[in-house]
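Asks: Below are the chains, spelled out letter by letter.
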Amino acid sequence: MTEPIDKKELKMKIKEILEDILPHVQKPITYTGNEVNAVHKNLENIVIRYAMAFPDTYEVGMSHLGIKILYALLNEEEDIWCERVFAPWIDMEAKMRSAQLPLYTLESTTPLKEMDFIGFTLQYEMSYTNILNMLDLAQIPLLCEEREESDPIVMAGGPCAYNPEPLADFIDIFVIGEAEESLPEIMEKYRNHKKNGGSKKDFFQSLTDLEGVYVPAFYDVQYHSDGTIAGWTSTNNAPFPVKKRFIHDMEHVYYPDRFVVPYAKTIHDRVNLEVFRGCGRGCRFCQAGIIYRPTREKSVDCVMKDAENILKSTGYDEVTLSSLSTGDYTGVEKAVQELLKTYDEVGINLPSLRIDSLSVDLLEDIQKVRKTGITLAPEAGTQRLRDVINKGVTEADLISTVTAAFEKGWGHIKLYFVIGLPTETEEDLDGIADLAEKVIDAYFQTNKELRNRRVQLVISTACLVPKPFTPFQWMGQDTVETFNDKQNYLKKRIKNRKITYNWHDATLSYYEAVFARGDRRLGKVLLEAHRLGCKFDSWAEVFDDKKWQRALEQSEIHPDFYAHRERDTEENLPWDIIDVGVSKEFLISEWQKSLSGEHTPYCKEKCSACGIADFAKGYKCHEQYHRI
Amino acid sequence: MSNTIEFKFSRGESLRFLSHLDQQRVFQRALRRAEMPVANTQGFNPRPILTFALAMPVGMTSLEEYGRVGLTADVSPEVFLNKMNKSLPSGLRIESAKKLEVEGKVPSLTASITDCLYRVQGALAIHSDETQLADIVNNILERESLIIPKRNKRGKMIEKEVRPFIDQIEILEVKDGRYLLDMHLAYISQESIKPELVLETLNQTWGSAIFDLDPGLKIQRKKMNLKKS
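Order-wise, the sequence lines are chains A and B.
Just so you know, we're using my numbering here: the first sequence kicks off at 1 and counts up by one.
Just so you know, we're using my numbering here: the second sequence kicks off at 629 and counts up by one.
One or more of the hints may lead you astray.
Unchecked claim - Restricting the straight-line Cα-Cα distance to at most 20 Å, the calculated cross-link-like pairs of lysine to aspartate or glutamate (EDC-like) are:
no.: 1; chain 1: B; residue 1: 714; chain 2: A; residue 2: 257
no.: 2; chain 1: A; residue 1: 27; chain 2: B; residue 2: 842
no.: 3; chain 1: A; residue 1: 305; chain 2: B; residue 2: 723
no.: 4; chain 1: B; residue 1: 822; chain 2: B; residue 2: 795
no.: 5; chain 1: B; residue 1: 855; chain 2: B; residue 2: 795
no.: 6; chain 1: A; residue 1: 15; chain 2: B; residue 2: 641
Keep in mind the hints are simulated off the structure, nothing from the lab.
Could you build all of it, start to finish, from the sequences and the hints given here?
Replies: Printed below as a string of structure tokens:
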């Protein structure tokens, strides 16, 4: 495949336009590519061109591990060229639109329209309008049914793809679950399709025998008169439900030996070392804890090998041991000690530590230089409510951890809570304020010789967004007014000058709840919101509630139906089309246990038969823990 | 300072939008990828010993920049140059490197700068040809004093005397409403002015705009002259 002359000319023109507009925008370096380890290929050997798209800014997208893995994985194939594209910030978008510059890939400055595939990663619901905006900027029709044979195929995956329905009108293929195996399988089908010819539909049809692939066009949804789902019809032999994919063997799964090294400072600007997937704690509000089951660890040797490769190829001097709950990694101490021993100038980050698994000594080892803050997540203010969410940590755990931290000289503690949890009362809100005071007391009871001269406590409350595939998937979310009342109550209760109170915008959480548990009918709301100019909705300075209200009114959609309504456990849920391996019976029993505050043990201690072991034939969860 | 390497480098079009901080990070990472034994500063928060003669503003390209890096072991300048050029992204290139063979206190790179030559390209705000433009500019430069109001580092407006910093301006070309010129700017007690400020001064002194001062202006540092040590 050599490039025709007119395409070459177009590319030159794009470069000229860029030269004119880039000096006028913020952070121009994020639009020019050419970073160390960015992949450039000779077009003559390329059969498939893929644009890995992140529907947010470069700085956010380049911090995300998933697309780094898939970018490298696809580029391992000689005949595939995977490039990157991010959402241009408002100023750049305006310049691009006035210059009629189409959205282009960073590596080769090629218009997205010329790609075979555009693959979006879905990390949060409030990025959906950016997907539409990016397609629009790429001059690609937004609706699947309006796209031509020559337009790219639009794919999506990631955690929000577990309820794909709100995006069903716009995405041709959803990849459900971890994509390290399924994406290459889809590419192989596409190679054959390109060789043999045929329509896009023929290609989609060829995917129906793959697991973990959902083509929304092959399903019809029927509704009851009350708006709930009556049933589904699958056509074209498409599977129902679609089973998620997961990697059985983390030890041998593909992991890149190099990451693209951004020029601009990104949010997580360091080497990501994945230590395990899944989480067996079973916090009942947490979607990641269910959809990424089972827990699968890598050995410390494997992590050390990844560290060596990536540190060498990138020149970073900082690593993160990343997972959903790194303190639960069987090899965490060993990995930290080996990293410290091998790389004396490399900084180590341990995110996502649980209060009860946190070893303050370990933190002390890795933060010899500067004691930054410690962040802990009790999630709820009283033991009763922590039992409801199965958090499994106690006030005593928290106080002993912060006391140890104060004794080692830390002075800055952040505590995360969720408000709007089921059965929550004023007492639970008081519990948040009281817990904060107790932490401050613990500081003053610490030996003056040892403790930091200053103490600063930040209390942060998020608003619960009930998510699909969690035990809370049936509950109604608190209204925005209730959230605001609760926040105001806490503002009044927290008066200590040493405590700062932060809260999330309840309106955003409301829209998140609408789309998290939405169905196909929300497609027209997204389309309308996009037409009205909604984009970057997760950015407070851009988010525009009035436009969203208008979009909902004009599409005649009642958002409360999705956010506030409590569902019966018998009701067909839009995401029943997907099978994540954890059974509905387990989720129902967890929902019931939550209301009576009954504990479900940590997977590692006792199996609660969530269903994942039956889901994958021959797979044994517990074998995954013992190889460290 | 026994193992200090002084290097000359250039920055091309593809990396003109790096900020100075971005560029420092690029060098630090390139040094680590090249496995250079970089020395760190002493103290609470050790940092690599890496200094640059001048900061490079976003948008500028350069043929001559200088930097110094402290090493904990002996590395020959040839090895340094080869390894670094394999490790740096295209767009940044080490042009030459030498060992800093001075005992005792070495004057900093910044203190050694005598003058810089800039090539500036942009749009004209007036209709003119080369000769006319050169006349206008040279006329203004005949004055012994050119004063322009400028914000100082504390944000206060001050009157700034810029004439002593301007050695010479050569109009190279005027075509289709665009100009190309060379500007020699002097360093006096480690201080100089930006090419943009010179154009602004010319505009203000003339009474109306000669040069368009939009961000589309293209500036290249062609030469940076250092005192011979």
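Asks: May I ask which of the numbered hints given earlier this structure violates, with the numbers listed in increasing order?
Replies: 3
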